[in-house]
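One line per chain: the protein sequences are A and B, in this order. Counting from 194, one number per residue, gives the positions in the first sequence under this note's numbering. Counting from 23, one number per residue, gives the positions in the second sequence under this note's numbering.
For the record, the hints were derived by calculation from the structure and aren't laboratory data. Everything numeric in this text was worked out from a predicted model, so none of it was measured. Any given hint could be a false lead.
As the list claims (entries may be wrong) - From the derived model, a few chain A residues whose C-beta atoms are all more than 12 Å from chain B:
1. Ser270
2. Ala272
3. Phe276
4. Val279
5. Gly288
6. Ala405
7. Glu410
8. Pro601
9. Arg668
10. Lys705
11. Asp760
12. Tyr924
13. Asp962
As the list claims (entries may be wrong) - With a straight-line Cα cutoff of 20 Å, these simulated SDA-like cross-link-like pairs (lysine to any residue) come out:
14. A/Lys705 to A/Lys805
15. A/Lys705 to A/His658
16. B/Lys126 to A/Asp274
17. B/Lys126 to A/Arg269
Ideal Cβ placement from N, Cα and C applies to all residues, glycine included.
So the chains spell out like this:
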Amino acid sequence: MGWSFRRGVDGLLARAARRRPPAAPGVRDAAFRLTYERFREILSYNDVVLGLIADLEDALAGRRPFSLDVVRERVRSVALDAFVMVKNLDQLAGGAESRLYDALERIDGEINALWAATTERLNGPLLVPLAALRAGDAQWAGTKMANLGEVANRCGLATPVGFVITTVATSRFLSENGLWERCDRLEAVLEEGGPSALGQACEEVGGAIERAVIPAEVVESIAAGIEMTFGSRRVRLAVRSSAVGEDSAESSHAGLYATLLDIAPEGLPAAWRSVVASAFSPVAVTYRYERGLSPREAQMAVGCVEMVQARCAGVAYSRPPDDPASDVVVIGATSGAGAALAAGETSAETLFVVPGREARAGGALLGDADLRWLVSAARGLEGHFGSAQDIEWAVDVSGNRFVLQSRPVVAFAPPPVPCPVTDRSPLLAGGNCACPGVGSGPVFVVRGANDLPSLPQGGVLVAHHSSPTFVSVMRRCAAIVTDVGSPTGHMASLAREFGVPALVGLEGATGKLRPGQVVTVDASGRRVYEGDLPLEGAARPIGPSDSPALEKLRALASFVTPLGLTDPSVPGFAPEECRSLHDLTRYVHERAYETVFHFGDLAREDRHHSFKLDARLPIVVRVFDVGGGVTLARSGGGRVRVEEISSVPFRALLDGMLEPRIRWDLPRPVSVRGFLSVLGESMAGPPAETLQIGRLSYAIVSDCYLNFSTKAGYHFQTVDAYCGESQNKNYVHFRFKGGAADEMRRQRRIRFVSAVLEALDFRVDSRSDLVHARLDKYPGGLIAERLVDLGHLTMCARQLDMLMDADESADHFAAAFLAGLWERF
Amino acid sequence: MADPRVLLVDDEVEFLEPMKARIERRGIACNTATNGEDALRALARERFDCAVVDVRMPGMDGIELLRRIRRDFPSVAVVLLTGHASVELGVQGMDLGAFEYLLKPIELDDLLDTVRRAVAQQA
Chain A
194 MGWSFRRGVD GLLARAARRR PPAAPGVRDA AFRLTYERFR EILSYNDVVL GLIADLEDAL
254 AGRRPFSLDV VRERVRSVAL DAFVMVKNLD QLAGGAESRL YDALERIDGE INALWAATTE
314 RLNGPLLVPL AALRAGDAQW AGTKMANLGE VANRCGLATP VGFVITTVAT SRFLSENGLW
374 ERCDRLEAVL EEGGPSALGQ ACEEVGGAIE RAVIPAEVVE SIAAGIEMTF GSRRVRLAVR
434 SSAVGEDSAE SSHAGLYATL LDIAPEGLPA AWRSVVASAF SPVAVTYRYE RGLSPREAQM
494 AVGCVEMVQA RCAGVAYSRP PDDPASDVVV IGATSGAGAA LAAGETSAET LFVVPGREAR
554 AGGALLGDAD LRWLVSAARG LEGHFGSAQD IEWAVDVSGN RFVLQSRPVV AFAPPPVPCP
614 VTDRSPLLAG GNCACPGVGS GPVFVVRGAN DLPSLPQGGV LVAHHSSPTF VSVMRRCAAI
674 VTDVGSPTGH MASLAREFGV PALVGLEGAT GKLRPGQVVT VDASGRRVYE GDLPLEGAAR
734 PIGPSDSPAL EKLRALASFV TPLGLTDPSV PGFAPEECRS LHDLTRYVHE RAYETVFHFG
794 DLAREDRHHS FKLDARLPIV VRVFDVGGGV TLARSGGGRV RVEEISSVPF RALLDGMLEP
854 RIRWDLPRPV SVRGFLSVLG ESMAGPPAET LQIGRLSYAI VSDCYLNFST KAGYHFQTVD
914 AYCGESQNKN YVHFRFKGGA ADEMRRQRRI RFVSAVLEAL DFRVDSRSDL VHARLDKYPG
974 GLIAERLVDL GHLTMCARQL DMLMDADESA DHFAAAFLAG LWERF
Chain B
23 MADPRVLLVD DEVEFLEPMK ARIERRGIAC NTATNGEDAL RALARERFDC AVVDVRMPGM
83 DGIELLRRIR RDFPSVAVVL LTGHASVELG VQGMDLGAFE YLLKPIELDD LLDTVRRAVA
143 QQA
C-alpha cells in the first residue's frame, strides 16, 4: 500500500488543523452540525443505557451485589438519558417521532409506580398496642411485632404485654431531622469505599441519629402508650427492632439490630432512638446491601414489651432446620434470659423432642410440662402461620410461659452437596450442623470483627464463637466453623440464608485448625478433614437465590432490560411496541442512523450524501460525511475510495482493516466443534444482535470524528473516536457485544478481546457479553495508532470463537495478535 | 439579522447574575427576570429572540411561563433549564413547544450554542 501510515496521519492532522470551520457558520451549516451533534449525543447516551442494562443483568444473575437505592437512582438518571435520546431523535426527524414521548412516559410511569409502593410512609398511627395488632399490620408494626400480635390475639398463647412504636414514627423522626438522605448514602459509601469507609460513615450517621431531636408528638405518644398499657405499675421494658420484612422467611435480618433490655419507662424515648440508629450500623447496612434491601424499604418499627423475669428461656424450632420433614421439635434452652444464647456466645442445652414423647427428651432445665407446652406451642404456631416456625420463649420465675416471638424458619436455599466418601480420618468431629453442606478452603481464624475484611475469597472462617457480624463475609467464605455456638442462633439463620456450610459448637476448632491450612468442612456429617477433598456436584451458588429485593429488581428490570424490538424491517418495530428502556433506546438508535441517512438524501450538496466505500473488505460500508470526512476527487458520488477518505480516525481504522496479511478471504482451520457450537446456539434461539443491524456497516465521519458500527461475523461492534489537534478532546471508545456461540466460547472471546485491549492501554470494562474499552485524552498520533490496532482486531475477531477450543486459546490468540502473527487468524 | 437578545428567567439570583455577566461578555445582549410575571412584562416591553427559563420557580412555574410565551410571544424561542429533571416535565415541556430542554449544571458554551441555534431557527 502506497500510503505510509504515520506520515499520512500527520499530514491529515495538519490539514484538518488548517481547515477549521468558519467562525460564523451559516444557518445551513449550523443546522447540519446540530444534526451531527444530536446524533452523537444519541450514540453516547445509548452506551450509558446499555451499561445500565448490563449491570442489571449482572445483578439479576447474582454476579454482582446491588443496592436497590443505587439501582433506583441509576434507573432514574437513565430514564432521563432516554428522554434526551428521544428528544434528539424527534428533533432530528423534525417532529416525526413524537409518539416516542408517549412510549417513554408510559414506561417511566410504570417504573415510578413500582417505586411508589416503597416510598416512606408518613401518615398513620405513631403507636399501636400489642393487643390490637394482627399479622396484616406489618407495614406499621414491622414483621416481628405484627406476628407477635397474631400470636397474642389469634393463637391463644401468652405474650408479654406492650406496644409498638410504628414505622410512621421512625419516618417522621428521620424526615424532620433531615436524616434520610444521610442514611440512604451509606450504601453508596459501601459500594464505593468498601467496609473501612463504611465504619466511619456509619459512626457519623449513628451519632447524628443519637443527637437528633425526637418529635414532640412521638414523645407524647410514647408517654400515652406507657400510661395506657402499664398504668402506674413499675415495669422494665425490652425494646427491640421490628423492621418491615425482618424475620420473614426470605430475609431474617437475624440479630442485626439492637435489642435493649431492662429499660425504665422514662428512658424509653432514648432507647427507641438507639434501636432506630441500629438500622444504620455497619453490619446492618452490609446485610441489607448483600440482600439488596433498601433502607427505606426495611423500615424500622420498635417493639416495647414488659420484661419477663426469666427462670429459663430459649428458642424452639417446630422442625429441625436441616431436616424439615422429620417429626421433631428442636428446643434450645438456657437458664436466665435467652439473649446470650441467640447471640451464640454460650453453648446451650439442645433437645430434640418427638411430639408425644416429651418425657424421653431428658434435659436438666425444663420439666415435662414445659416441654409439652413448648411442643404444642411450636406445632400450633406452625399450623397457624403455615410454615415451620422459629420461636423465642421464656418461663418466668413463677412458672408462667410466654412466647416472645415467632417467625418462619429460614430454610437453606441450595441443596447440600454430599460429602465425598473418604477413608481419611477427620481432623475434628462433633459439634452441631448450623447449615448443611460441604466447603473447603484455607483456614482463616477470626478473633474479632476487625479481622473479617481480610478473610480471603473461598476461605474457611474459624472463630471461637459465632456472630451475626460474619454476614459481611458470607458471600465469599467457603464454610464456617466455631468452637462455641448454637444451631438455633442468629448466625445459624444467616448461614442458612446465604447457604454457607456451618458447623458450630465444635470444641477445639480454633486450637486445632492452623491458619492457612487447607481443610474440607463437612457440616452435614459434622467433620473437618485435612486437605481439599474433591466435591461432587456444583459449588454452592454465590449469594442467596432469592430475596424480596431481587423480586423487586426483577420487576424493575422488566421495564429496563428486555429487548423485544429486534427486527427493524417489521411493522412491529414501532414506538407503541416499546416495552422497556432497552426497546426504546434500540428504536432511537436504529432510527437515528436512518434519519442521518435520509438527512443525507435531503441535502442538496454532494458532500451531504452517503457513499458506498470502495474497498477490498468482506463487509459493505456506507459512509456519511458530517463535515470534512471525505474529499471527493470527482463530482457526483455513490462511491468513495479509501484515498478519498480525509477523516483521520476512519482512515486509520481502514488502514488496520486492510492489512493485507490478514487473510479473511482464505478458508481457515475451523474447528468442527466450534462450528457446531455456533450452529447449535443459533438454532436454539438467534441472538438478538445478529438480527439487529442489517448487513450494512455504517461509518459516520467528519475530519476528526468517526463512528463506525459493524456486524462482523457473529458479533456487533462500535468504534467511536475523535482524533484531532486538541489532545483533551481525543478519545477512542470501543464497544464489543457478542452473539452466537455457547457461553464458554463467548467468555473466551470476551477474554481475548479484553486481553488485547488491556495490552493496548485501553481502560477495559467487561460485563456479561459486553466489552467496553476507552482511551481518553491521548495525542492524535497515538489515537490513530490504536485505531489501526482496532482495525486489525475487527478483522481478526470476526469468527474467532470458532477457533476458541480451550481456555488457554484466548491468551494464546491474544499473544499471537499482539505479536502481529496475522496468519494465525 | 439583528443581534440576538436573550432573557434569562430564574428565581435563583446567585445563578442569574453571573450567567448574565458571562453571556454579555460574549457579546450577546441579556436581560433577567426572577419570576414569570416579570418575564412576561419584559417580553411585552422589548424584543427578545430567546428566553432561557428555569422550570422550578415559585408562583408561575417554567412550564406555565412556557405556555404563555408560546401563546402570546410565538416568535420567542424558549429553552427550558432545570436542575430537578424528570421525564414527565421534560416530555411536557417539549410537547408545549420548548425549543430545548437542558439540564443544570450546564457549560456556558453549551448554553450559548443552544441559544444561537434557537435564534437561528426562529429567524
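Now for the hints, and whether the structure bears them out:
1. Ser270: The claim breaks: A/Ser270 does not keep its Cβ more than 12 Å from every Cβ of chain B (closest is about 9 Å).
2. Ala272: violated (5 Å)
3. Phe276: violated (5 Å)
4. Val279: It is violated; A/Val279 is separated from chain B by about 8 Å at its closest Cβ, not greater than 12 Å.
5. Gly288: About 10 Å separates A/Gly288 from the closest Cβ of chain B, which leaves it inside 12 Å; violated.
6. Ala405: holds (26 Å)
7. Glu410: Label holds. Min Cβ-Cβ 29 Å, cutoff 12 Å.
8. Pro601: Holds, because the least Cβ-Cβ distance between A/Pro601 and chain B comes to about 39 Å, which exceeds 12 Å.
9. Arg668: A/Arg668 clear of chain B: closest Cβ-Cβ about 35 Å, beyond 12 Å.
10. Lys705: holds (61 Å)
11. Asp760: holds (27 Å)
12. Tyr924: holds (18 Å)
13. Asp962: Holds, since 29 Å exceeds 12 Å.
14. A/Lys705 to A/Lys805: Roughly 75 Å between the alpha carbons, so the hint for A/Lys705 and A/Lys805 is violated.
15. A/Lys705 to A/His658: Roughly 15 Å between the alpha carbons, so the hint for A/Lys705 and A/His658 holds.
16. B/Lys126 to A/Asp274: Holds, because 14 Å separates the two Cα atoms, which is no more than 20 Å.
17. B/Lys126 to A/Arg269: holds (16 Å)
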